[in-house]
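Participant: Sequence:
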Amino acid sequence: MRISTALHTGFRLPDRYPVAVLPFYLLTAGAGVVARVPLFVGVAVVLAVLSSSGRLDTFAERIQQVDFSALNAAEPTEPTGLAEALAVVVTPLTVTVFALAVLASVAVSLLVTAAVRAGTLSAVLAAIDGGDPTLEGVRGASRLWLSFVGFSLLRVVLFGGLLSVTVALAAVLLTLGPAGALAAALVSLVGVALALVVGLLLAFTEQSLVVDDDGLAGALGASARFPVRRPVDFLFYVLVAAAALVGNSVVVGTAGFLGATQAGALLSILLVSPIFDGFKTSLYAERGIGERDGAGSGDRPTRRRRVAASTRDGVGALGRFVVDHPGWNLVSTLVLAGSILAGYAATSGYGVRIGASGDVAGVFGVFPVGTFVNIAANNWLVAAGSAYGGLALGVPAAVSLAFNGVLIGALAGIFELVPFLALVAPHGVVELPGLVVAGALGLHLGVVGWRAYRGRDGAATVAEALRYAFRVLVGLAVVFVVASFVEAFLTPRIAAFVLGG
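Residue numbers for the sequence shown follow the working numbering, beginning at 9 and rising by one.
What the hints contain is simulated information worked out from the structure, not anything from laboratory work.
By construction, the Cβ of each residue, glycine as well, lies at the ideal position given by its N, Cα and C atoms.
Mixed in with the good hints there might be a few duds.
Unchecked claim - FRET-style restraints, in silico, Cβ to Cβ:
1. 169 / 220: 21 to 29 Å
2. 202 / 87: 43 to 51 Å
3. 179 / 112: 27 to 35 Å
4. 23 / 424: 48 to 56 Å
5. 225 / 310: 44 to 52 Å
6. 225 / 308: 39 to 47 Å
7. 249 / 111: 27 to 35 Å
8. 172 / 236: 27 to 35 Å
9. 87 / 433: 47 to 55 Å
10. 111 / 321: 38 to 46 Å
11. 112 / 459: 47 to 55 Å
12. 112 / 196: 30 to 38 Å
13. 314 / 267: 27 to 35 Å
14. 220 / 254: 49 to 57 Å
All chains should be built: construct the whole structure from the sequences, respecting the hints.
Facilitator: In structure tokens:
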């Protein structure tokens, strides 16, 4: 096939199938929320153990006595009393519980990420073939998740083993003087080269799993043979992959330089990744979107009109979700409110009261466009993760709500009331309802996931729920843009007026 067809497919994918394909890329954010559940549970257990034994109060008393002003970047020394304070909470039981929570989090992350990846590439292939991307993505995740888990484990073993051997050899050689240091550098270069070769040989394994459906062993063989069977295509893949890596780094780096790091992450998730996956899958499958839909493309509305129509549809979907699912929105509100109260109760008793900083009005600068974009992107990604993470029986959505609520309440407990309200209320009255609806959407998807797990609903129902959730999230994007504008541009000035600063 022509390389231009694969490139064309990559660029057309997120533009042609946003509602059908992009939910799977947002499921990646949801996978992170799911993976953090064991970690949050572990931390909660540790805090409960420390609180019941009185160690938490002792730690709070001792940590307030530590002189952190003694910290000096030029001559780092441990503040007096810090080790004694930490010794109160670092016990064999707390370390064991936390370690088990971390291991469980890693295992869950491996399983969920593999299933999401299987669904994502299945959706991409369905878009290329003219099928229903969301439906085929759900079916692909159900059918291929185990093969993707196996491939993930294989990569961990291969690259982890290669890294361990390289580091061990280099460490031994470094003890042999200048000649050993030179040998260690050469070993490191060889290790990097081997890792690059292995990575290139495995590059098309995921695509083969989806396109050929021949099992993991067959996919590994097909990927390893790809450079030999199609050397020109492989060379162009390497060039495009390098360009994508550089381009993504430029996007993320530029966003970070402008103070909008999360905007760079959002573009990477919703634009760079789908384009690259579309190109790569089309190249391997030797067919593309452009081969079958070129005739009627001139009849499509302009991109501006499509974005406007999608935004209106999203706002409408958001309104209908709030009206049609009052129960889940009420539950979500209660979880967030209860968590705020719990966080406040946990910190308010320690007698710490922090006032407002001196220059409240200028906290974000004179014209904080970067801050505005960064906050909006971050809040939307948090909402998307909470919503799509809820597909795992609703638990991650509830945990995400609880975490945010506890954080808000804990801050309220250590700040003076008037400064806290002045700095939070102006944008909070818009932002918090948005988080509540995102949590409710996650709880709703949890029921969908439960019914699918029990066999009561099929892949078509799950696919429709994923598309519906994406449309609601588009509506929530408008809410978070408004909230972020208020937070970046108006809240500091309102707070300065209220506080007289």
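Participant: What hints, given by number in increasing order, does this structure fail?
Facilitator: 9, 11, 14
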